[in-house]
Amino acid sequence: MLQIALAVILWRRGIHRQFPVFFAYLVFEAVEQLTLYGLDVFPSVSTEAWWIACSVSLVLEGFLRLGVMGELFFHLLHSRPAIAKVGGRLITWAGAVLVLLATLAAAYAPIGNLAIASRAYILQQTLYMIECGLLLFLFLFTASFRLTWDRASLGIGLGRGISSSVHLATWAVMANGALAHRYYLLDFLNMATYQFCVLLWFYYLLIPQKIATTSAVPLPENNLDIWNRELERLLQQP
Amino acid sequence: MNLAIFIVIVAALALGVILRLAVSQSLQAKGTTDLAVAIRPIDTEAFRNLINPAEDEYLRRRLPPPQFRAVRRARLRAMAVYVQAAGANAAVLVRVGEAALASADPRFAAAAQQLVNDALLLRRNTTVALVRIYLALALPNSGFAAVRVVDRYEHLSGVAMLLGRLQNPAAAIRLSALR
Chain A
746 MLQIALAVIL
756 WRRGIHRQFP
766 VFFAYLVFEA
776 VEQLTLYGLD
786 VFPSVSTEAW
796 WIACSVSLVL
806 EGFLRLGVMG
816 ELFFHLLHSR
826 PAIAKVGGRL
836 ITWAGAVLVL
846 LATLAAAYAP
856 IGNLAIASRA
866 YILQQTLYMI
876 ECGLLLFLFL
886 FTASFRLTWD
896 RASLGIGLGR
906 GISSSVHLAT
916 WAVMANGALA
926 HRYYLLDFLN
936 MATYQFCVLL
946 WFYYLLIPQK
956 IATTSAVPLP
966 ENNLDIWNRE
976 LERLLQQP
Chain B
6 MNLAIFIVIV
16 AALALGVILR
26 LAVSQSLQAK
36 GTTDLAVAIR
46 PIDTEAFRNL
56 INPAEDEYLR
66 RRLPPPQFRA
76 VRRARLRAMA
86 VYVQAAGANA
96 AVLVRVGEAA
106 LASADPRFAA
116 AAQQLVNDAL
126 LLRRNTTVAL
136 VRIYLALALP
146 NSGFAAVRVV
156 DRYEHLSGVA
166 MLLGRLQNPA
176 AAIRLSALR
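From first to last, the protein sequence lines are chains A and B.
If you're matching positions, the first sequence starts at 746 in this note's numbering and goes up one per residue.
If you're matching positions, the second sequence starts at 6 in this note's numbering and goes up one per residue.
I should point out that these hints are in silico values taken from the structure, not numbers from a laboratory.
Heads up, some of the hints might be wrong.
What the hints assert, rightly or not - Computed footprint of chain A on chain B, listed as stretches where at least three residues anywhere in the stretch have a Cβ under 8 Å from a Cβ of chain A:
| # | segment |
| --- | --- |
| 1 | 16-24 |
| 2 | 54-65 |
| 3 | 98-105 |
For each residue, glycine too, the CB sits at the ideal point set by N, CA and C.
The whole structure should be built from the sequences, with the hints applied where relevant.
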């Protein structure tokens with residue numbers, strides 16, 4: 746419900762035009778959860794049918810989450826052409842390495858009695874491993890170049906970062922058969938984390954940033970004449 | 006089970022790094038005053054001498070190989086210090102430029118944008134140059150050229166000065182040591 750409320754407010758304020766993929770993700774996630782809940786309580790839907798629906802929705806959700814990553818990357822680099830190319834190459838390589846690692850981790854995960862459920866857990870682990878790795882890369886890349894995030898992008902990135910790392914841990918536990926019979930605790934942790942992230946998005950996307958300074962940044966003492974002479978001398982060198 | 010524990014640890018580390026970087030990003034956005042104080046002047050001429058291939062060639066001809074390798078390593082270490090300082094200055098200038106972009110004064114926009122782009126290019130080049138310096142430290146007989154870093158640094162100095170002139174006609178950023 747929080748997500749639907751957030752999506753409605755984003756729509757009304759026109760923020761959805763800035764982050765169309767994130768907006769689509771919010772709407773999809775809300776619809777997905779309601780649909781899966783409806784299928785779960787509907788008696789004529791078999792367990793296997795539910796898991797098939799769940800797996801299909803997970804794949805679609807995974808694509809949308811990767812789209813959100815792309816959107817964050819675009820917001821970060823579209824005004825910085827100097828590093829857009831190298832950034833694009835690096836994130837492509839990082840993505841390829843992460844896909845490889847996630848595939849290896851999936852290959853080692855056991856298949857339980859209900860194979861389709863195990864595969865869904867492994868799928869979740871794989872998707873969150875890729876997303877969490879890409880987000881980590883994005884934050885490290887930004888920090889290494891001392892780039893500044895805009896408030897909304899930082900909020901979305903932080904929310905997805907918290908959500909993907911917690912979900913990666915919980916789905917890895919489930920996919921590898923640990924903590925059997927206590928999955929409901931992990932479900933609660935996942936839900937609580939996600940609701941916290943939605944509240945974080947409310948804060949970052951809807952509460953305006955305080956403008957600390959409106960004047961120019963103060964600059965140090967200098968001597969322009971000496972500087973100019975120095976530059977001219979250097980430029981005249983063969 | 007072992008894999009699950011490993012992934013949980015990695016996820017916890019990733020969460021810690023993301024949270025730390027996000028917090029430092031928020032603090033960075035707030036503290037944009039006194040940025041230019043962090044800039045360390047660099048003697049570009051001394052750096053240019055240090056990376057001059059002719060000087061390396063001269064030393065190679067005059068010194069016996071073991072002594073040449075020792076001198077070359079010392080020169081490379083000094084070069085690394087210069088490049089690190091240039092990279093640190095570029096990082097500060099990225100923030101100075103982005104702060105100027107956020108000031109919403111259209112007069113500064115073009116100069117600030119150019120400063121950010123040039124500082125980012127320099128930062129990228131210093132990273133590549135450092136990798137090459139450390140490779141050359143391992144193989145001191147190999148050739149090495151960091152001339153592009155110097156050229157970029159000089160260009161960046163000009164852009165920083167332009168932005169400084171726009172913001173405060175009486176003062177501007179100085180990136181190179183006075184001579």
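Hint check:
no., hint, result
1, 16-24, "holds (count 7)"
2, 54-65, "violated (count 0)"
3, 98-105, "holds (count 6)"
In the structure shown, a violation is registered for the earlier hint numbered 2 alone.
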